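**Q** The chain contents come next:
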Amino acid sequence: MSIVDAVAWRNPVLHRELKQRASTPRMMLVITLYLVVLTAVVFALYQARTGDRTGSFGQPGVTEIASIGQSLFEYVLFFMVILVLFIVPGFTASSIAGERERQTLRALQVSLLSPRSIVFGKVGASVAATVLLLVASLPLLAVAYLIGGITFGEIFISLGVVLFAAFGLACITVACSAIVKRVSGAILLAYGIVLLLVGGTFVGYAVLQEVDASRGSDLAQPPSWVMAANPLAAVADVSQRSVSDQTDDDQFGEFGPFGPSFGNSQVESPLSAVRDLMQPKFPQNGFGFNDGPFPVPIPVGIDEFGNVIQDNRGGNDQGASDDGDRVPFIAEFFILFTALSVTGLAIAIWRVRTPARTER
Amino acid sequence: MSTLGTSVMPVVPISSPEPPSRPALVRARSLTKNYGSLAAVDNIDFDIPRGSIFGLIGPNGAGKSTTFAMVASLLIPTSGTVTIADFNPMTDRMQVRRRVGYMPDNIGVYGDLTAVDYLRFFAASYRIKPKAWDPLVDGLLELVDLADKRDAQVDSLSRGMKQRLSLARALVHDPELLILDEPASGLDPRARVELRELLLQLARMGKTILISSHILAELEAVCSDIAIMEGGRIHAIGAPADIRAATNTGSRIAVAFTDGSTEEYPVSDALTQAALLRRLVIEDPRDVLSFAPVDADLEGLYMQITDTVRAGEVETAAVASVDPLLDPMAGT
Ligand SMILES: Nc1ncnc2c1ncn2[C@@H]1O[C@H](COP(=O)(O)OP(=O)(O)O)[C@@H](O)[C@H]1O
Ligand SMILES: [Mg+2]
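As they're listed, the protein sequences go chains A and B. What the first sequence shows, in our numbering, is residues 1 to 360, in sequence order. What the second sequence shows, in our numbering, is residues 1001 to 1332, in sequence order.
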């Protein structure tokens, strides 16, 4: 039995979906377009950073080069997350609803396939297609790695989080596809949920921060679980670990999320902007000024040499050191997203299962 | 008016003991499916003998597809039961699915696959080992006369060919029972003849076939048993000849009442028809469920009835559906 036959026999739905995706030119087009855009961004960024550096200060120093590598790394990561946010719902929304629309679902339901195999096949196929896109962008991460400032471990962990987010979104979207009867409706619902998970949590967090700031005299920092369903925040959080370790020599370089200042030996990326957003804010009344973000060095850990690592950015990890018994933000993300994934799968399976009360 | 109280059609009581030579493969007992207040299938009983071609005839909305979906383990009955080889789809759905090949009314196919890949896909879905796929698929394509379309894209096939491919799909696991929901609809006369031939061939192979149509004449020639269904109820059940004999009685109208009884009235002209309708509604305490023209000038009769109802001359009548149930011209 060939491997292809083995897949076809173990999960025919997965096999058919993969085959169909592989045979449509659309997939190649998406990959090519994505890589072109990503490469252009990375190249432009590299030019800007190195050009700026050599122009004003001569040859960049080691930490500066490291920060360039880190910036590139974060840019590529950011684009991966954005890609996942856009493409996974697109890949998955038609999975069940499309079969319903084409009147092909009933033939599957009366077969000996379990509803679980049907749903897993659909989710597996869109995750596999997403993995292909992520793998295609690995060379760009390799460029960042070669420039320096990041380790394999960091790349590995960050990719893991991106992949986990892709899987979670696929599970959420397959539920949408099983609930809503029409593909168009399923797509709308899925992107609506993505908007809620990303945009909604940002807005919610910002609002809570304002409320918090207007109330007390301590730092305004809403509970981190508000952001725990936000894949962008999760990736920003894990990539921050490496970044904070290696750039704590420049604590005063942050000038806000929207004004990247390349003159500083400072990691600037959309992900750092996300971290800024989650940074504790000074209260509006406590000190009489609120023009933050002033750098607030906060110990976040001890490095391998026994020095106290300080971080100037705030962010949710400090929640852990603020009140010791809190779980780290990334763990909150994993717990919440696992719960969402399992719920999504369960809903989808329940909606596909027959006999049912109404024809589904 | 002299025939008031006469039953429309001979009803073979299903509770009568079956002849031992025709054991039932499918048994429905008080099978009911409600959608809100609508009884899509209303307390029906039937037995489908092994090896028979059982035709369920009724107009659109009669409840045929709903009945089939319950037999095929897709729908949960509101009450009552159906069993296939003594297996209940509610508790033994895998046993039922192994024995049932189901072709829904709207056949959807994967247009992007080739005919052979389409059937391989379903062979895998029925847990058949890859080694057995090729001989199985080739045999099926041969059976439905699509061997020369083996590697053609499903999208490129004609409607009749897609229908036959769908039928091959339903046969992939060699089921005892084939459920075909209006397989002839949308086919040209030639394709219908081919389909009929295929059905007879499958019956010779020992399959039991449950098939539906809204045209009696379409299935008369191939069915060994026929049930007439309307408004969720089975009004008559028997051999095709008996059913036909009962319906060839002149210009008549069948009236179904909500209490389950059905009565037939002779109709001479539209005026007496209208008068009859008013009389029925006013004098008969039972609610009228539906009218079914039994013969001749069906459309005209239908218009008369619905116009009378719409004009407000009748207050409580509910014209559920009056389709050309028994269309003598169809299929010839
Ligand atoms: N999912 C559903 N929800 C509500 N009503 C339904 C549903 N499916 C079928 N019906 C109604 O049940 C009745 C029987 O439908 P159906 O079994 O499709 O009839 P047939 O196949 O004989 O044309 C119709 O009145 C139809 O409108
Ligand atoms: Mg139907």
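Hints should not be assumed to be uniformly reliable.
Derived Cβ-Cβ restraints for the label pairs, each shown as a range [to be verified]:
#1 A22/A <-> N1106/B: 23 to 33 Å
#2 S1079/B <-> A136/A: 37 to 47 Å
#3 S1185/B <-> R357/A: 19 to 29 Å
#4 S1079/B <-> G185/A: 27 to 37 Å
#5 S1079/B <-> L163/A: 45 to 55 Å
#6 D1086/B <-> L195/A: 49 to 59 Å
#7 P25/A <-> N1106/B: 22 to 32 Å
#8 D1155/B <-> L163/A: 48 to 58 Å
#9 G1206/B <-> M28/A: 44 to 54 Å
#10 N1088/B <-> L195/A: 41 to 51 Å
#11 G1111/B <-> V37/A: 25 to 35 Å
#12 I3/A <-> G1111/B: 33 to 43 Å
Calculated pairs, DSSO-like style, for lysine-lysine (alpha carbon to alpha carbon, straight line, at most 30 Å) [said to hold, decoys possible]:
#13 K1162/B <-> K1207/B
#14 K1162/B <-> K1149/B
#15 K1162/B <-> K181/A
#16 K1207/B <-> K1131/B
#17 K1129/B <-> K1149/B
#18 K19/A <-> K181/A
#19 K1129/B <-> K1162/B
#20 K19/A <-> K1149/B
#21 K19/A <-> K1207/B
#22 K1129/B <-> K19/A
#23 K1131/B <-> K1162/B
#24 K19/A <-> K1162/B
It should be emphasised that the hints constitute simulated quantities derived from the structure, not laboratory data. Since the model is a prediction, treat every value here as computed from it, not as a measurement. Heads up, the beta-carbon is just placed ideally off N, CA and C, and yes, glycines get one too.
**Q** Run every hint past the structure and note whether it holds.
**A** Comparing the hints with the structure gives:
1. With their beta carbons about 29 Å apart, A22/A and N1106/B fall inside the hinted range of 23 to 33 Å.
2. The hint said 37 to 47 Å for the Cβ distance between S1079/B and A136/A, and at roughly 56 Å that hint is violated.
3. At roughly 27 Å, the beta-carbon separation of S1185/B and R357/A lies within the given 19 to 29 Å, and the hint holds.
4. Take S1079/B and G185/A: their Cβ atoms lie about 33 Å apart, and the range 27 to 37 Å holds.
5. At about 49 Å, the CB distance of S1079/B to L163/A agrees with the hint of 45 to 55 Å.
6. The hint said 49 to 59 Å for the Cβ distance between D1086/B and L195/A, and at roughly 52 Å that hint holds.
7. Our hint of 22 to 32 Å for P25/A and N1106/B holds, since their Cβ atoms are close to 29 Å apart.
8. Checked against the hint of 48 to 58 Å, the C-beta distance between D1155/B and L163/A comes to roughly 35 Å, which is inconsistent with it.
9. At roughly 49 Å, the beta-carbon separation of G1206/B and M28/A lies within the given 44 to 54 Å, and the hint holds.
10. For the hinted restraint 41 to 51 Å between N1088/B and L195/A, the CB-CB distance of approximately 45 Å keeps it satisfied.
11. Checked against the given bound of 25 to 35 Å, the beta carbons of G1111/B and V37/A, roughly 32 Å apart, stay inside it.
12. Take I3/A and G1111/B: their Cβ atoms lie about 26 Å apart, and the range 33 to 43 Å is violated.
13. For the hint linking K1162/B to K1207/B, the alpha-carbon distance of about 21 Å falls within 30 Å, and the restraint holds.
14. Distance hint between K1162/B and K1149/B is fulfilled; the C-alpha atoms sit about 11 Å from each other, no more than 30 Å.
15. About 24 Å separates the Cα atoms of K1162/B and K181/A, which keeps this hinted pair within 30 Å; it holds.
16. Taken as a hint, the K1207/B and K1131/B pair is honoured in the structure, with Cα atoms around 25 Å apart against an allowance of 30 Å.
17. In summary, the hint linking K1129/B to K1149/B is supported, as the alpha carbons are separated by about 23 Å, within the 30 Å threshold.
18. Between the alpha carbons of K19/A and K181/A the distance comes to roughly 24 Å, so the proposed pair stays at or under 30 Å and holds.
19. Between K1129/B and K1162/B, the direct Cα distance comes to roughly 25 Å. Compliance with the 30 Å bound is thereby established for this hinted pair.
20. Restraint check for K19/A and K1149/B: the C-alpha separation of about 21 Å stays at or below 30 Å, so the hint holds.
21. Distance restraint check for K19/A and K1207/B: the Cα-Cα separation of roughly 34 Å exceeds the 30 Å cut-off, and the hinted pair is therefore not satisfied.
22. Only pairs whose Cα atoms come within 30 Å are accepted, and K1129/B paired with K19/A is accepted, the gap being roughly 19 Å.
23. At roughly 25 Å between alpha-carbon atoms, K1131/B and K1162/B fall within 30 Å of each other, so this suggested pair holds.
24. Our distance criterion of 30 Å between C-alpha atoms is met by K19/A and K1162/B, whose separation comes to about 21 Å.
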